[in-house]
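Using the sequences and the accompanying hints, generate a full structural model.
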Amino acid sequence: MEKENALKTALETNFASLVSDVKIARPRRLWATTSVANFKEVINWLNKEQGFTHLSTITGVDSGANFEFLYHIANGGLMLTLKVLVPSANPTAATVTDIFPGAEDYERELVDMFGATITGLPPGNRYPLPDGWPEGQYPLRKSWKPADLYPQEENKCQK
Amino acid sequence: MPKITIPLGPQHPALKEPGNFLLCLEGEEVQSATLRLGYNHRGVEKAMEDRTFIQDLYLVERVCGICSHAHTTCFSMAVEEIGGIEVPRRGQAIRVLVGEIERIHSHLLWLGVAGHEIGFDTLFMYSWRDRELSLDCLENITGNRVHYGINTIGGVRRDITAEQAQNVLKQMDVIEERTKYYIKLATEEPTVLARTKGVGMLPKEVALSRCAVGPLARASGIQKDVRKDDPYLLYSELDFKVITHDSCDVFGRLVVRVFELLESIKLVRQIIKSLPEGPVLAKAPRKIPAGEAVCRYEAPRGEDMHYVKANGTEKPERAKVRAPTMANFASVPYMLQGGWLADVPIVIAAIDPCFSCTDRATLARRDGSAQTLDWPALRSKGIEFYKARGVDFRKL
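Quick mapping for you: the protein sequence lines, in order, are chains A and B. Residues -6 to 152, numbered by my numbering, are exactly what the first sequence covers, in order. Residues 1419 to 1814, numbered by my numbering, are exactly what the second sequence covers, in order.
It is possible that some hints are incorrect.
[Unchecked claim] Here are the computed distance ranges between Cβ atoms for each label pair:
no.	chain 1	residue 1	chain 2	residue 2	range
1	B	1421	A	16	49 to 57 Å
2	B	1623	A	127	36 to 44 Å
3	B	1584	A	16	41 to 49 Å
4	B	1798	A	85	35 to 43 Å
5	A	127	B	1602	53 to 61 Å
6	A	116	B	1607	40 to 48 Å
7	A	31	B	1450	34 to 42 Å
8	B	1800	A	85	30 to 38 Å
9	A	127	B	1807	14 to 22 Å
10	A	116	B	1447	22 to 30 Å
11	A	119	B	1430	17 to 25 Å
Please keep in mind that the hints were generated in silico from the structure rather than gathered at the bench. The model shown is predicted, which means the values in this text are computed figures rather than measured ones. For glycine and all other residues, C-beta sits at the position ideal for the given N, C-alpha and C.
Here it is as structure tokens:
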């Protein structure tokens, strides 16, 4: 647990005002919360100074007033999930493709499934929804139900 | 020489799954490649929010038809972590056993596909014949060749008998002998070397920055294996090597996979030799307390990751699946650039892509409005589709 404790202390001292709720859930699993304004700074520091070179994925979670974008970043077996709180009224976040070029499709998924705006994301094909998908339909938002798009499906999706 | 753009896929690019690769060619040389994925998107993650944890287990099993055990194990481990459920050691051992036999069948399957892509169909026939042995083992233990349905929250659903264990050992002897033959073939056969050496180069730094996983990363000299880095189940007690290669090409990926077959056989023997006694299943509650967990699993194709958020009910608040192929697609355009058109299929196949995993699970239209397109209509639809994307076939 030495590595975990060291990282926790480093996060708390370097980003006292920016990062909150740093916790060690179990060996090799850390969680921390930050705001959308400062998260790039934290990710950059983790990547450049702490050896977190692997972004496993970005998970979007709809928790009502906020969307949570979870950046699962790993340094070997050590995995830190950085929870970035993004207001759901205006879900805009900066791209991390300048730090992790492999993040492009994960960010496109946030755009398609949550209606997020990712500033700085290079142009390219959408992912994963089809080209003809109607505007303003974001399937992973809690308010979205399959019946919104396919009224004939109502009552069939429930068991 | 003028540049031309040709679409490869979405129907069966290199293998029998849908994905679209728009290749810009100068002569036979690939200048750039653009990916379009999502043809297999089935909305699994949304569907999981509407189902109970047990129902979800059967849904995630169907995320992939090859590494189904990887997904169910990873999902159950995440749920067990949130619920504080301790899986009995015998249950863990059976999960490892099925996981490693699954790796053997998956790597042998890949070897066959790779052989087919380089025009070596004898290798395809041989390795798929031998793969049947591992599928027989799985059928014998779990009752199914694929979609084993052995995992459940809290452990596994079936115990294994001494006869079944003996049967697995017997098959492993045959698979080991065949694997040694494949190692010789992969490293000495001139046609294999000619088609794989220096093809689809992915330097270590690029593999690192594009977050490649599994055999793709290991063939670029990166020591990355979740079983070692972030051990789960009983892996911290087992003896095995992480196979790496520094040639950074398709040849390296081939070598890594065939040697991994030997490591998996070694793991299967260790597990059977020291199979712990006791129950295989801990009773799990239907309702999982509120909490969240991230779990990683080394699937045959690399790091599989599941995120689960529970809200105290019997259904998850959110479940996220990130299959290994999704992580590896970011490296594909780089590997294709500067290569030859004829090498495109093997380069794509060398990441052992699994499109269904990548796209996961939406909606089939059931309003009865079936539409049948005849050949001219289908053809003009295709032409219009590409025209809208700047590719004009009318000149051809």
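Okay, the hints, checked on the actual structure:
{"no.": "1", "hint": "B:1421 to A:16: 49 to 57 Å", "in the structure": "53 Å, holds"}
{"no.": "2", "hint": "B:1623 to A:127: 36 to 44 Å", "in the structure": "41 Å, holds"}
{"no.": "3", "hint": "B:1584 to A:16: 41 to 49 Å", "in the structure": "47 Å, holds"}
{"no.": "4", "hint": "B:1798 to A:85: 35 to 43 Å", "in the structure": "40 Å, holds"}
{"no.": "5", "hint": "A:127 to B:1602: 53 to 61 Å", "in the structure": "56 Å, holds"}
{"no.": "6", "hint": "A:116 to B:1607: 40 to 48 Å", "in the structure": "43 Å, holds"}
{"no.": "7", "hint": "A:31 to B:1450: 34 to 42 Å", "in the structure": "35 Å, holds"}
{"no.": "8", "hint": "B:1800 to A:85: 30 to 38 Å", "in the structure": "37 Å, holds"}
{"no.": "9", "hint": "A:127 to B:1807: 14 to 22 Å", "in the structure": "19 Å, holds"}
{"no.": "10", "hint": "A:116 to B:1447: 22 to 30 Å", "in the structure": "24 Å, holds"}
{"no.": "11", "hint": "A:119 to B:1430: 17 to 25 Å", "in the structure": "22 Å, holds"}
Of the numbered hints given earlier, the model fails none.
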